[in-house]
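Given these sequences and hints, build the entire structure.
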Amino acid sequence: MATDRWGAGKAGRSPPRVALVGQPNSGKSTLFNAIVGYRAVASNFPGTTVEALRGRANVGGRRVEVVDLPGTYSLLGGDLAERVTREFLLSGDVDAVIQVADASLLGRSLELTLELAELGIPMVVCLNMADEAEHKGIKIDRERLEGILGVPVVLTVATRGVGLRELSAALSQACPARPPSYPPEIEAALKNLEKLGISSRALALQLLLGAPLEGMAAELKEEVERIRRGLSVQGEDLALLLADHRNLLASRIFREAVKVERGRVGWRERLDDLLMHPLLAYPFLLLTLFLLFWLTFWIGGSLEGLLSPALAGLSEAVRAALGEGGWAQFLAGALDGLLAGIGIALPYLLPFYLLLALLEDSGYLPRIGFLLDGLMHRIGLHGKSVIPLLLGYGCSVPAVLATRILEDERDRYVTAALSVLIPCAARTVVIFGLVGRFLGPVAAFALYLGNILVVGLAGRVLRRFLPGLGAGLILEIPPYRVPTLRTLLGKTWLRLRDFLKIAGPLLIISSAFLELFRALGWEVWLNRLTLFLTWPLGLPPQAGVPLIFGVLRKELSLVLLTQAFGTTDLGSVLTTGQLLVFTVFVIFYIPCMATLGALWREMGLRRTVFVLLGTTGLALFLGLVSRLFATLAL
Amino acid sequence: MSFDFPAPLSTLPPGGVGRVVAIHGGRGPSLRLRRLGVRPGALVRVATVGRWGGPVLVEVDGCQVALGRGLAQHILVEPCGPSPGNGH
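Keeping their order, the protein sequence lines are chains A and B.
Under my numbering, the first residue of the first sequence is numbered 1, with each subsequent residue one higher.
Under my numbering, the first residue of the second sequence is numbered 1, with each subsequent residue one higher.
Keep in mind that a hint or two might mislead.
To be verified - To spell it out: a stretch of chain B is covered by chain A in this simulated footprint if at least three of its residues, at any positions, have a beta carbon under 8 Å from a beta carbon of chain A; those stretches are: (1) 17-24; (2) 31-37; (3) 40-51.
Since the hints were made in silico from the structure, they are not lab data.
Even for Gly, the Cβ is constructed at its ideal location relative to N, Cα and C.
Quick look at the structure:
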């Protein structure tokens, strides 16, 4: 077929595989979502994707597998995203590459184009955010660029679906780009390597740069080493020399194909005069955060009020239908767990994630990172850590996962350890269900402020034990963008789905087993086992079971407390002091199972155990402090 | 026409423009800076400076990058005076 330059996939692979490669913030994930439907988190914040995401799509009337590779500036660097991308592309498992570039920052993207050209894989250059480039006064001569690079170039606006049809048409015209030519000395070395049978330029360059020669025949190894030694520059210096060379070529191509006129100065440029103002920025930041939480509670409360009577009725009806007996109770417990998840956590998670997505996609979230960097240094972190900490107010699992955006391992760990101390939606339910209801909203608000204080102090303590803050903030501040409802809803749905997938089964299983334990009369034993916690905290022994099962889901501790005492009016069976101590303990003790799982995956077992012991010790200490405070002041 | 000696980027006032002369410090950060366009020879403009020892917001290659204060101390620039426009 004449139109099909890249065939049906190597080694008969069907469907053929197309990889999306591009810099962070180039709209790559948005494009991916637009092509395959909502299966990846797109974000106006650098580094959301570290794992490669896959999806199937119909492109130009043909089934293809689309892989969204992590955002990367270069194929040479050593960070996680760049390694994943480089290895994937060098593996030979890719039939075509779509380079997604921010059209308004083309100069920077062309270097990556030149690196991709070395691979010899058929490619298409997709210049996304074409509208933004125009706004900035950047005029791109598309045909000229096609001529220079030797590959199809398409202009798109992924958020609005503009240019997607052209992109899929261009994909069937994909072909390897013209690789950059280096100084004669390096070209000669590459030619020598080619003579040795290393035909891929990318691989040859990797060898020149010092890629390990394991698994190579001894003779070949010697030859490669001889060629390497023959160069006047080697190793890292050679990498920098090549990078500078590509930079020079890229800027030359840019000058050839792009005209920069004076851009329009619109509201987006003016907005920073206020939002990043040395003084006015901070009141605005406080107002934004206040609105975020106020709207979450307001919308969440209304949703909960709408849902809970219906769900309670459903639960009662099912219980009546199932009748008495062990199995009936087991099943009814499972249903209760499911309903609790839908009725209690979801109403708050939905508005919170939707609003947070709005902050993220509009571009304000990175600015919060900038504004709070100085303050965060006081607790031994950078401004970027604000994002995982903020996510923690929704659910700790996404918060722990979001620490991936930090480059330094120590920063990641400290941020994760602190983010699990932030009251998530489930803990918010406990705070408002106990302290808010029986001690008043002011007391609940004070708990939140106290929590921030504790997080700050814990950060200072951790700084002492784990010194050596990573290299310093390097954070791209993207231009403001008007998010589309589609991407906002898509992103919110993805985060909620993660919550439902991880927490849902745990909720159902734990509630079912709880009913079973109750039917078997084991509660007394469990309560006795936890006396070492409940006794010093001055809590009644019946609080033991709720605390044990609260590890599965924190809001379960409230539900179970009402069940343990057989009344929702807990104020009549517990003193205000006990309510306060219970709430404080629940906020800080062992993160829930799902969070522990996330920590284990991200930080390893040893560090997870440390967090587990540290948080429980902290909770016990703060519980005792609250008890003392309650005896003296309440 | 004034001639200035190289100074750390962190000493440029908001609105100040400088040409990067050298980047000290680890190889990791300097490679990452390079990819964002902060490389020797590049023209950077300080947009604003964060409070409480906060980061320096610079404009380079037509986009904005926040650089931690510590990092900015390790980037030497040759001051080129304040820029006339607002850089957009």
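Here's how the hints hold up against the structure:
no. : hint  : in the structure
1   : 17-24 : violated (count 0)
2   : 31-37 : holds (count 7)
3   : 40-51 : holds (count 5)
The structure shown violates just one earlier hint, number 1.
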